[in-house]
Amino acid sequence: MARIASILIVSAGLTLQGSMAALAAAQQAQTQAANISAQSVSPAPPPPPKYTPPAKGSPPVVDTPEQREAIAKWKERAEQKLAAERQAYNDKVAPSYDFHYGKKNPYTPGNVQVVGDGFLNPGAFPTAEYCGTCHQEAYSQWRQALHSNAFRTPFYRTSVNILIRDKERGIAFSRHCDSCHNPIGVLGAALTADSKVDRSRFDPDGLTCTTCHSVVSLDSTNGNASVKMGVPSVIVDENGDRIPGMVPFDMILRHPERHSKAVMHDFLRTPEFCAACHKANLPSPLNDYKFIRAFTAYDEWQQSKFSQRNPLTFYTADFTTCQGCHMKRNPNALPDYGAKSGTFASHRWLAGNTAVPFYYGFDEQLSKTIDFLRAGNYLNVDIFALKKADSDKLIAPLGSVPYQLAPSETVDAYVVIQNKNIGHSLIPEVRDLYEAWVEFTVKDSAGTEIYHSGFLKPDGMLDPRAHSFTNRPVTDQGEFVDNHKVWTIHSVAYDNSVQAGRSVLVRYEFRMPADANGAVTVTAKVNYRHLRQSYLNNIFGKDHPAYPVVEIASRTRVMKVGDNAPESPEPNDNQDWMRWNNLGIALLDQFQYKESIQAFTEVIKLRPTYADAYTNVGLTEIVWEKYDSARTAIRKALSIDPNSARATYYDGLLQRRLGNTEREIADFSKVVEMFPQSRDARRELGITYYQQNSNSAAVEQFEALQKIDPDDLTAHYNLSILYRRIGKLKEAAEQQAMFVDKKVDPGAPTYGLNFLRLHPEISTESIPWHIHSDLERSSGGPQNGK
Amino acid sequence: MASKANRNQWYSRGSRWVQLGICFFGIPAGAMAANNCAWINETTASSLLGGDAVGQVSAADAGQTTVCTFTQTGTDVVRTLRVTVEIAADPHARVGALAQSCGADSAPLKAIGNEALTCSADDRKGGPSERLVGRVRDQVFTITIASTLKKDSALTRDSLHAKIYLAAEQVAGNLF
Chain G
2 MARIASILIV SAGLTLQGSM AALAAAQQAQ TQAANISAQS VSPAPPPPPK
52 YTPPAKGSPP VVDTPEQREA IAKWKERAEQ KLAAERQAYN DKVAPSYDFH
102 YGKKNPYTPG NVQVVGDGFL NPGAFPTAEY CGTCHQEAYS QWRQALHSNA
152 FRTPFYRTSV NILIRDKERG IAFSRHCDSC HNPIGVLGAA LTADSKVDRS
202 RFDPDGLTCT TCHSVVSLDS TNGNASVKMG VPSVIVDENG DRIPGMVPFD
252 MILRHPERHS KAVMHDFLRT PEFCAACHKA NLPSPLNDYK FIRAFTAYDE
302 WQQSKFSQRN PLTFYTADFT TCQGCHMKRN PNALPDYGAK SGTFASHRWL
352 AGNTAVPFYY GFDEQLSKTI DFLRAGNYLN VDIFALKKAD SDKLIAPLGS
402 VPYQLAPSET VDAYVVIQNK NIGHSLIPEV RDLYEAWVEF TVKDSAGTEI
452 YHSGFLKPDG MLDPRAHSFT NRPVTDQGEF VDNHKVWTIH SVAYDNSVQA
502 GRSVLVRYEF RMPADANGAV TVTAKVNYRH LRQSYLNNIF GKDHPAYPVV
552 EIASRTRVMK VGDNAPESPE PNDNQDWMRW NNLGIALLDQ FQYKESIQAF
602 TEVIKLRPTY ADAYTNVGLT EIVWEKYDSA RTAIRKALSI DPNSARATYY
652 DGLLQRRLGN TEREIADFSK VVEMFPQSRD ARRELGITYY QQNSNSAAVE
702 QFEALQKIDP DDLTAHYNLS ILYRRIGKLK EAAEQQAMFV DKKVDPGAPT
752 YGLNFLRLHP EISTESIPWH IHSDLERSSG GPQNGK
Chain Z
315 MASKANRNQW YSRGSRWVQL GICFFGIPAG AMAANNCAWI NETTASSLLG
365 GDAVGQVSAA DAGQTTVCTF TQTGTDVVRT LRVTVEIAAD PHARVGALAQ
415 SCGADSAPLK AIGNEALTCS ADDRKGGPSE RLVGRVRDQV FTITIASTLK
465 KDSALTRDSL HAKIYLAAEQ VAGNLF
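Protein chains in written order, with the numbering used here: chain G, 2 to 787; chain Z, 315 to 490.
In isolation and in its complexed conformation, chain G is listed as follows (with noise of 0.2 Å):
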């Protein structure tokens, strides 16, 4: 095929003889890459050919008639290429195919769709080691990134294997999985029992390079997988049509601009694209039960302050994607004609994952993993305060404010961790796998350890007593689903994760020494750990190395026995009135309404003309039914800051008690106003004109709700009676079947109940208010997790 491809252009008088030798040493080396990208450390794709950029702003390159002939051949001759060995390839394949959801739907439980008919032979996937020839940075990245290791790894394979092996299942549910992690196998009718399909050719790469820059389209938000993969192409013609599959090297280099045309789509800079496969959702296909919200982090991302989304966040930010975290530019080691001024957007996507660098030797990776997790003052931990065992009066903040302790005095700290730069929640996605947590330690002067929690046992297991920043899915048993069974989960237990911008509250009850000269050096640590030793032990049994646990952040204070005077902050150290204020959202969560606004009340000592302040003390007086105080504080916050959105939203609340249903309207639709993507404010402005019986205007927020998230119950709900009042049935049905499909069941808590009875040591972390401690109570008190 190529051959001929060569012979047309050869006569057409073009000059493209050399690319279509590197063409052949692209394909070459395409062969040559099934089989060795398998390998852990790969070998370098071919060098680049010569490029020189063009001027910055210089017009595109105006080809000859001849040119423009040639690549017109080009094009129908590639077309005809795909179609025909795409046509053949379903013949093959097709046949024998578990239709298990209908022949309309070979990719479910999965969402992901391809353009044209049938399935994608994963031939017409250009290699990563082709695209690596020119892009070698991004290519050594991917390598060791945990895009190309979607599906390789033992960590998934476990998993995912069980679903395939389960007797109701099989391999046709693991569609749901690999739309994410193996694309290329689920377009190209991989995952069928008797698979008729080479599996080494994309096995080894995941999410190869051409499977995100071949996506056209973004369907919805709905995760799963939710594009439309196009067929892959690297160029497009003058036209802008796409062109399929591979082309000579110099067809790029000569019109970079149709390169990016075909392979750079806007939206893949948006963390809408992210939400494709970091939002997934477990759909009654697979598990027999109902629509289960697996996880999104591009939900939190939504309502954290860097999607500048979301009025009612505590803080603010300057407007981040998931891309700016994750693919921060860097200096390019290696040539890359994508790079822009010696800089290129990172591939290798750093995040938590240090687990699979560890497995496959990916020293660099792990390193910077490791690197990404400490910098970036993502966590805050604060030893913000100490409370006597004889007294309610807190001491705090540490550091700066006076305090004496007396020998053998038994106190709690107050341990504040906050999730303060991080676009999600700590920890993101798979939180029954993921493991974080606080390690407190209280040593006396002499380095002997008096408290410990949060420690790493001898077998490697987590102090079943730590606080951990995980949950606990279970089945309908009631059983822990330790072996990511997504599709037996029912409920969860508890779920400690910290949303993005909050806080959290961590008690530790200790004693002091008894010498009248006694110090104690109280350290509390949030540790990461990529996987829970548990899931380890299932994956390689017990004899596998200890894999890496990171130190995200960390605080330490000394505590001496009689008088301890203020001292200077340390420079990561949030200023008082942050401090404060954390501590007032911690409480808020742990529903201790009056200490919330008792802290937020200091916040505004510390600052009393910063409106979020009164505002802080107004939602929680909202939420704890003190309305009129509530409004007292609401109405300051607007004094100071009349377009406070997050107190003009607060105050429709409020508006809607007193029944002034036109302040209501005005509040709620100056928030939409100013944040269009409020999911809060259209949802209280849809209830709004619902109540006012405004058909259509009640329609037109919920609609824009479901724009934001899809799965919002209200907009379900609301929207299943509405299209029933205006006549659109079909519609109506629809959404009231999408309710009663993710509704929560009421019969799942009692599933985390019969665990939390099981399990004491872990019944306690489930509930907000609670107290770690090792000294033995007159009541028996909890029991050392040791």
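Wrong hints could be hidden among the right ones.
The calculated label-pair distances, taken between Cβ atoms and stated as ranges, are [as the list claims (entries may be wrong)]:
id, chain 1, residue 1, chain 2, residue 2, range
1, Z, Asp390, G, Pro48, 46 to 56 Å
2, G, Asp496, Z, Asp452, 30 to 40 Å
3, Z, Ser467, G, Gln88, 25 to 35 Å
4, G, Pro48, Z, Lys424, 18 to 28 Å
5, G, Glu365, Z, Asp419, 26 to 36 Å
6, Z, Ser467, G, Asn106, 58 to 68 Å
7, Z, Leu463, G, Gly377, 52 to 62 Å
8, G, Phe456, Z, Ser467, 52 to 62 Å
Since the hints were made in silico from the structure, they are not lab data.
None of the values given here were measured: they were computed from a predicted structure.
We put the CB at the ideal spot given by N, CA and C, even for glycine.
On the provided structure of chain G, position chain Z as indicated by the hints.
Just chain Z now, with coordinates in the frame of chain G:
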């Protein structure tokens, strides 16, 4: 490259004739089961061997070794890919014992199962051969790729090393 593509097309055409034959004449049920290797499919094995291979599985009773053998027969060459899997009480020791046959050139292989090593297993009379011994938890496996042709351009020493790695990823991945 073009000739390689043509060759693949030829194989494709060949396999279509085989499929056609199957449609007309059917095949014994036992032979259907024989191709059903749990750890690597026939198409993947064919790709690694460089041509259409026929698979056969000897399913083991409990405690015994299961063997998948894929054979690709050419005009002057027979290439095989053989996979064995067994459950071992002391899997690490069993890997060591099986590795005894490897000789001095064995090398540990990273990121295959819990542990793995590979070595050449050339038969003096035959052609090149590569062997891999590894385990996933207590499942010990071996993979052997061999050719009867002394200088087999489809299975050179370098390509054998790469191919056995790909085979091992399939086998170990399915054993996890």
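> What hint numbers does the structure not satisfy?
Replying inline: 1 and 6
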